[in-house]
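Q: As a plain string of letters, each chain reads:
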Amino acid sequence: MRQFSYSRPTALSDAWDDFEHARYLAGGTNLVDLMKSDVERPNHVIDLNSLPLNKVEELPDGRLRLGALVTNADTAAHPLVTERYPLLASAILAGASPQIRNRATNGGNLNQRTRCHYFYDPDMACNKRSPGTGCSAKGGRNRIMAILGTSEACIATFPSDMCVALAALNATVTLAGSQGERSVAFRDYHRLPGDQPWQDNILLPGEIVTSIDLPALSFGPHYTYLKIRDRLSFAFAIVSVAVGLQMESDVIQKAHIALGGVGTKPWCVPEAEALLEGKTPSLSLFRDTAECLLRGAVTDRDNAAKLRLAPRVIMRALSQAADGTPQSQTYKSIS
Amino acid sequence: MTVISTTIGQSVSRIDGFAKVTGQARYAAEPHPSGMLYGVIVNSPIARGRIETIREEAARAVPGVVEIMTHLNRPHTALFEKSYVDGLGVPGSPYRPLHDGEIRFNGQPVAVVFAETFEAAREAAMLMEVDYERWPHNADFEVALHQKYMPEKPRSNYVPPKSRGKAAEAYALSPIKVEGHYHLAPEHHNPMEMHATTVIVEDDGKFTVWDKTQGPQAVQAYLTSALSLSKDQVRVRNPYVGGAFGSGLRAQHNVFLAALAAKMLKRSVRVSLTRQQMFTHVFRPEAIMDIALGATPDGTLQSMIVEGVTDTSRFEHNMENLVVWGLINYKCPNATADYKVVPRDTYTSSDMRAPGAATGVNLFEMAIDEMAYACSMDPLTFRLHNYSDIDAMHDMPLTSKALREAMLQGAERFGWQNRPMTPGKMRDGKELIGWGMATGIWDAMFSPTSARARLTADGRLHIATAASDIGTGTYTILAQTASEAFNIPLDQIDIELGDSTLPQCPTEGGSWTAASAGAAVWLACQSLREKLFKTLGKNSNISAWLTEGLRHNTVVLQDGFLKNTDGDEAFEMSLRDALSLTGQTELEVEETAKPGLRGTISQMRKARFTHSAVFCEVRVDEELGIVRVTRLVNAVAAGRIMNPKTAASQVRGAMVMATGMALHEESLMDERVGRFMNHNFSEYHIPAHADIPDMDVLFVNEEDTEVSPLGIKGVGEIGMCGTAAAIANAIFHATGRRHYNLPIVPGD
Amino acid sequence: MTDLSVARPCRLEINGKSYVADLPPCVTLLDLLRERLDLTGTKKGCDHGQCGACTVLVDGKRVKSCLIFAVSIPDAKVITIEGLGSEGHLHPMQQAFIDRDAFQCGYCTPGQIMSAIALLEEGHTQSREEIREFMSGNLCRCGAYNGIIDAIEQVIAQQQKNRTGEAA
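Quick note, the sequences are listed as chains W, C and B, same order.
Letter by letter, the first sequence follows residues 1 to 335 of the UniProt record's numbering.
Letter by letter, the second sequence follows residues 1 to 748 of the UniProt record's numbering.
Letter by letter, the third sequence follows residues 1 to 168 of the UniProt record's numbering.
Think of the hints as simulated: they come from the structure by calculation, not from any bench.
In this text, a Cβ means the ideal position worked out from N, Cα and C, and glycines have one as well.
Among the hints, a few may not be true.
To be verified - Only part of the chain C face toward chain B is listed, based on derived beta-carbon distances under 10 angstroms: (1) 275; (2) 650; (3) 740.
Stated by the list, open to error - No more than 30 angstroms apart at the CA atoms, straight line, and that leaves these computed lysine-lysine pairs for BS3-like: (4) 177(C) to 148(C); (5) 332(W) to 17(B); (6) 166(C) to 430(C); (7) 254(W) to 177(C); (8) 55(W) to 77(B); (9) 61(B) to 17(B); (10) 331(C) to 606(C); (11) 332(W) to 177(C); (12) 161(B) to 645(C); (13) 55(W) to 61(B).
As the list claims (entries may be wrong) - Listed next, with one range per pair, are the computed distances between beta-carbon atoms: (14) 38(B) to 102(C): 53 to 59 angstroms; (15) 6(B) to 102(C): 38 to 44 angstroms; (16) 35(C) to 13(W): 43 to 49 angstroms; (17) 295(W) to 73(C): 55 to 61 angstroms.
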């Protein structure tokens, strides 16, 4: 880790001053790790933990606002989250470990970097870490890499579980910076790598996430977060699916689906969601949905298994949601 | 010798438990000598080539940096290559850290940065700039297969496969044939404690080296030889070792570099590897096994043909006993095997828990399962039908083999009789349930070992030997042995291990420590008792009962007292009083346990193995292929069990590692650069709590007076052997699909 | 230009004792404990939050001390393995680990114990499966997992017995 100076502002406006080569620190569960790996090399670290962004609040219009500095653990355990957004709680509990969730924050979760082996290893070429050096994941050991949203420059997977649920939920992200405050749809927050894979998201220099707002919606029991990984806990997703279905009698009124583990960002396909709407659940419908979600998938040397697995995981998740039997994150048998 | 157990065989809690649960146990990176420097290693990003230039300016500018050691400025080391050969007996040219500017493998240390703080050393290491001339390399296993060879001089412990009958002809004539091309991914040991060394430069200039090793005396010998130091200049200590599983068998480069730096800087230093750097040294070799089995329809094996290869480096010829296990363990008139190694431009692969057998037994037992099915025979019945009571490869009798009992008792515990033969018949919701089994076999070895027993003025018994407790429970079972041999309560015993200055003990590994060090401690305690009695007998000022008793051999040691068994029970004396009567402040003996004439003859005439039968239940999601291991039963026949509690933990621990072998662990080589890319605990998956069900370990009664002086066989490796196969076989039973590649991961 | 080497005030309470010093901001809580305070009971198993060996309690919550800059948790109360129990008075979890042979090499053990103590506070202990899931952030290469779950259940049983005793 390279030396850096450290500051801890207590007001929002102080945070984005003097941002050149600085990094924001929240829970630190990814940043500290990356600095030790010499992937992140800030010369200044701005600790956000004294900012007043640590509340979960109900908004007057029925939405729920998750402060950027609320920890993942507190978010997952918050009564309003477990009551209204069990999909989000489930996705959070599917990720990392209790110790990590006790430190990791909601804002930090959005801004975590990929777990690509090559990104993490400064001896290897990586456009995301060192623009212009090339992508050594392509043609390399890329079993964990993305099959959707990739580019010639980058095939790194976005690793979050929480964000998959947030994408499914159509959350909104509130940002603040020297240009003022703005809101963006969560689904637009993360970027595809394109030819600029070093930009993971639409944050402007110095801008920070202040909150994540969840729309007022309910799926009853018709949701699930189904995560497939290499061991039964404490591993990143190979494929994960967040589904929430608004159902009336046997008909899907509105569908919310996002994929994790397979995309360069939380993967949503509005056409796939539209396919389900107004229909009664059936395996063939789910098959079509999966096909639509995975359209355009490209595999590389080692990750074809993801494309074999993904349709089955999607179909199972849709069945779980339709049946109202969400996946437990504790009991590992998959209903 | 006959041993009547009072302490041996009891489930005693670990005597080192208090130190470990309170954080007081100190591991290699934990002493804090004053003025110590921190060393951080800089690794080569290329697999082959030559260092052109090293630019140190930026690194040296970091405040606190004291020195940067490279091949250009390192102090003198031994001239001859043979001085760098360690005790493991791997033929070839040993790797010599910082010897010259040539790069032989990716991750090779090219510099070590020393600074006053860890943080400064870490930063400076990041600022090092090294230019390389790149040479072509090959790290691709498939490509290397074309260069497979048999080393001219095999590794010292290599057991050459021995053919019998006419395997090829018999195979051709067999009505039932199965053939499989099996593969095991390379694995890394990944003990929780990373390899580290703290060299304390004492006031007299001598080095006390705290190293993570399984053999303090081997490291001491290596350092003195390689660094041209005198023998009394280096003392190596490893009282606590945070796991090793074979990674501490060889002196790793951290200890060489730390000692070299201490020599150069004349200051105490610490060199710790990072988890990433743990992937720059030893690993379990990648392996391929081609197994062809022929049988008659009644399930009688007619032919076994096994061909196997494992990988090694370009500079050393690491070898495993990979292909022999099936030939030893099964009765079959015709059998042949062949083994070769393939060279890659990587560091040398090395022994990892049950080397050779973990791979060879598991893959072979997967083939046996397939053959049982080809013969429409229950896999347990098939194994019993082809059971060998001898070492069938060497046509030698065995000191003991209670594998049949293990199979039957394990089957009963598991409920195997309720198993439907046809795969895919058991289901619960969306999960298919499968039951599989396999057998395990591992050497039961004994090596000459010395131990010291000392009775001190406070009446305590001190036992010392240069063994290492790497989590194996050695402290505890040696205390139990001493307690029984000297008939003294456990809490009056101190055990000292992990120090090169203690009596000679071979490097911990291969499950031989319990048998070997145990025998030495037993002998030393017997000898100490005799010495105590003899010394007392020379004293004319002792009580009449004692004089009489000693003369008539009626005095015994009991619960830490001398007692007279002949007559009035009131005659007894504490050890403290007894010692003071000898007029000495302490009594000490050192003894060496050797096989002896009888043992040597036995070793020539009889083979010796530990055996096991493993039963497994898996649940496999029918559509997603997700495997959950839900039940494991392991019945182990390992001679005398010193401590069922710690022994069962040993077996369970290996079963966890074998679960990793079956389902999780794979070091992913990027052959373009020769580096294992998933070099962290996030992407190299060892089993977590959630992956491991309750495991039932039972020990089958197996009295073996011949295998080692105390009848011990050792239990450190056996849990690896068979468990991965039982899982794979259970997956077949659940799904009807065979897998030939381990690990079996989601999507396979 | 900020002076990069400038140390920052660090104020912590570690095992009940106040710790005040100026520290470079890059010093992690784990390295502070191990290298500067000689509290080596907290272990470094990966230094990247992937193994759990460095688990300590910060303000009552279990966290991975390798991922925390020491200066970034002002006035926090830190409890490490050295802050539990004492000779003859082990914490029940420590005793249970010995009783149930819940370790072999002992290196992951302090982290497992700290994690287990926090787990009981969190209450994720309804079944062995739940304990397993919520202990999965603590890897054990020796494979002492069965013993660890047994130890945790032993403490739960003791607590229940104590509670029943109090109620009666």
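Q: Please go over all the hints and tell whether each is borne out by the structure.
A: To see whether the hints hold, each was checked on the structure:
Satisfaction of the interface hint for residue 275(C) is found here, the shortest Cβ-Cβ separation to chain B being roughly 4 angstroms, below the 10 angstroms cut-off. Proximity of residue 650(C) to chain B holds as hinted, the smallest CB-CB distance being about 7 angstroms (cut-off 10 angstroms). Against a cut-off of 10 angstroms between C-beta atoms, the interface hint on residue 740(C) is violated, since the closest Cβ of chain B lies about 26 angstroms away. At most 30 angstroms may separate the alpha-carbon atoms for a hinted pair to count; residue 177(C) and residue 148(C) meet this at roughly 27 angstroms.
For the hint linking residue 332(W) to residue 17(B), the alpha-carbon distance of about 42 angstroms lies beyond 30 angstroms, and the restraint is violated. The hinted pair formed by residue 166(C) and residue 430(C) fails the criterion: a straight-line CA distance of about 47 angstroms is larger than 30 angstroms. Straight-line distance between C-alpha atoms of residue 254(W) and residue 177(C) comes to about 57 angstroms, which puts the hinted pair past the 30 angstroms bound. This hinted pair checks out: residue 55(W) and residue 77(B) have alpha carbons roughly 22 angstroms apart, not beyond 30 angstroms.
Of the supplied pair hints, the one linking residue 61(B) and residue 17(B) holds, its CA atoms being roughly 18 angstroms apart against a limit of 30 angstroms. A hinted pair counts as satisfied when its Cα atoms are at most 30 angstroms apart, and residue 331(C) with residue 606(C) qualifies at roughly 17 angstroms. At roughly 38 angstroms between alpha-carbon atoms, residue 332(W) and residue 177(C) are farther apart than 30 angstroms, so this suggested pair is violated. For the given pair, residue 161(B) sits about 26 angstroms from residue 645(C) by alpha-carbon distance, which is consistent with the 30 angstroms threshold.
Proposed proximity of residue 55(W) and residue 61(B) is supported: the alpha carbons are some 18 angstroms apart, at most 30 angstroms. Separated by about 40 angstroms at the C-beta atoms, residue 38(B) and residue 102(C) break the suggested range of 53 to 59 angstroms. Here the CB-CB span from residue 6(B) to residue 102(C) is close to 42 angstroms, well matched to the stated 38 to 44 angstroms. For residue 35(C) paired with residue 13(W), a C-beta distance near 47 angstroms keeps the hint of 43 to 49 angstroms intact.
Taking the beta carbon of each, residue 295(W) and residue 73(C) are about 60 angstroms apart, inside 55 to 61 angstroms as hinted.
This entry does not satisfy hints 3, 5, 6, 7, 11 and 14, going by the numbered hints stated previously.
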